[in-house]
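Visitor: Here's the letter readout for the chains.
There are 2 protein chains.
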Amino acid sequence: MKILIIGASGHAGRAIFKEATRRGHKVTGLVRNEARAHQVLGKDAKLIIDDAFNTKRVDLGRFDVVIDAFSTDPLQAYLHVDLCAHLIHELRESRGPRVIFITGAGSLLDKHDQPFVDTLAKLPTAASFIATPHAQAFELEFLRHVDNVNWTAFSPSATFQEGPATDYVAGGDHLLANDAGESVLDSGNLALAILDELENPQHSMKRFTARNA
Amino acid sequence: MKILIIGASGHAGRAIFKEATRRGHKVTGLVRNEARAHQVLGKDAKLIIDDAFNTKRVDLGRFDVVIDAFSTDPLQAYLHVDLCAHLIHELRESRGPRVIFITGAGSLLDKHDQPFVDTLAKLPTAASFIATPHAQAFELEFLRHVDNVNWTAFSPSATFQEGPATDYVAGGDHLLANDAGESVLDSGNLALAILDELENPQHSMKRFTARNA
Chain Y
1 MKILIIGASG HAGRAIFKEA TRRGHKVTGL VRNEARAHQV LGKDAKLIID
51 DAFNTKRVDL GRFDVVIDAF STDPLQAYLH VDLCAHLIHE LRESRGPRVI
101 FITGAGSLLD KHDQPFVDTL AKLPTAASFI ATPHAQAFEL EFLRHVDNVN
151 WTAFSPSATF QEGPATDYVA GGDHLLANDA GESVLDSGNL ALAILDELEN
201 PQHSMKRFTA RNA
Chain Z
1 MKILIIGASG HAGRAIFKEA TRRGHKVTGL VRNEARAHQV LGKDAKLIID
51 DAFNTKRVDL GRFDVVIDAF STDPLQAYLH VDLCAHLIHE LRESRGPRVI
101 FITGAGSLLD KHDQPFVDTL AKLPTAASFI ATPHAQAFEL EFLRHVDNVN
151 WTAFSPSATF QEGPATDYVA GGDHLLANDA GESVLDSGNL ALAILDELEN
201 PQHSMKRFTA RNA
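Residue numbers (the working numbering), protein chains in the order written: chain Y, 1 to 213; chain Z, 1 to 213.
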């Protein structure tokens, strides 16, 4: 597949970039900082250096899949929503690429069916980061109103961290945890989950999640 | 004030254009069809001929107020949401123009505090139009997640029709009706309500409504 990764030098983006390349897909990264991207993804990484908001239907249409792994400072958390809306607008009714949005864990439901973001909002440090899970939760709400683009959203587990591709357990709209109660997803396992979904679509027009196995 | 009206040749747009001009404001219409706009707004109407999605921060920033009176076929109702998202994105944190969104009546609450769109959805003809009130209701939901643009949304009454500027009664989030139970707003009175709001802001970061007096 021809895969475009927006935000390819971020934590999620680079892991997906590497796993997709390893599996033989033709991967292009769309990034703002060329030097940083080559540093993270290698000298030979195929890149488009641009602002993701400049992408148009014609550019996106050259790919089979677009992965939105954009990340930004919590002060500009609204850009998660805005970029989602931009990409959706450009792809409406296009029969164009499938789009995967890497959203946060905040919109997942806890065992009481309450949004995990409500728990996050009670943390003493919430003010420094809560804008991001709030924006990403609304990003998912936005997608749930979209019926004319082939979208999928992915939420990691409560803790998302750098780590190897080993194995993962997938889920739907609920926060996953292992038997010890730990809800953790390593970046390598995120990449496995995303690539498996691309090669064997199971979650079209849905959100799914994964945790380390 | 310098006022830009998107969709100036539509029913709401043209009424606002005329009332704003009558009150001495500098009004520009942004339209796609120049000939139709001149026919509706007069030969001397100041126009920008473009797709509203091409507007950028720098263009919008030349105005004190941007009014989104865009309308479209129910088959493309999603464009209400997309254009709202586009304008909001271009104006985030800009301290730029105030933006007024003319949305539908569907998001107003009835006397049982239920969204009026739920009543509309039960009409036998709903399939032919319901996409528009659904999209406009989500447009308002989108705006309610925006805290860094000076937005106002306006909903007409259950029936919005061509008619003169006489007098109006304003309200908030509930569908208004007169003593006879009629919920009607004429285009001339919509224009009065909008221009009064521009000259004497009362509903920043809120939605308001109006009915014929």
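Honestly, the hints are just simulated from the structure, not real lab data. You may find that some hints are simply not true.
Since the list gives no way to pick out one identical chain from another, each pair is judged satisfied if it fits inside one copy or across any two copies.
[Unchecked claim] Think about it this way: if two alpha-carbon atoms lie no more than 20 Å apart in a straight line, the pair counts; the simulated SDA-like pairs of lysine to any residue are:
#: 1; residue 1: K56; residue 2: Q76
#: 2; residue 1: K56; residue 2: H89
#: 3; residue 1: K56; residue 2: L79
Predicted model, so just to flag it, every value in this text is computed and none were measured.
Visitor: If a hint holds in the structure, say so; if it does not, say that too.
Guide: Now the hints, each set against the structure:
no.: 1; hint: K56 <-> Q76; in the structure: between (22 Å within a copy, 19 Å between copies)
no.: 2; hint: K56 <-> H89; in the structure: both (9 Å within a copy, 16 Å between copies)
no.: 3; hint: K56 <-> L79; in the structure: both (17 Å within a copy, 16 Å between copies)
The structure fails none of the hints (numbered hints given earlier).
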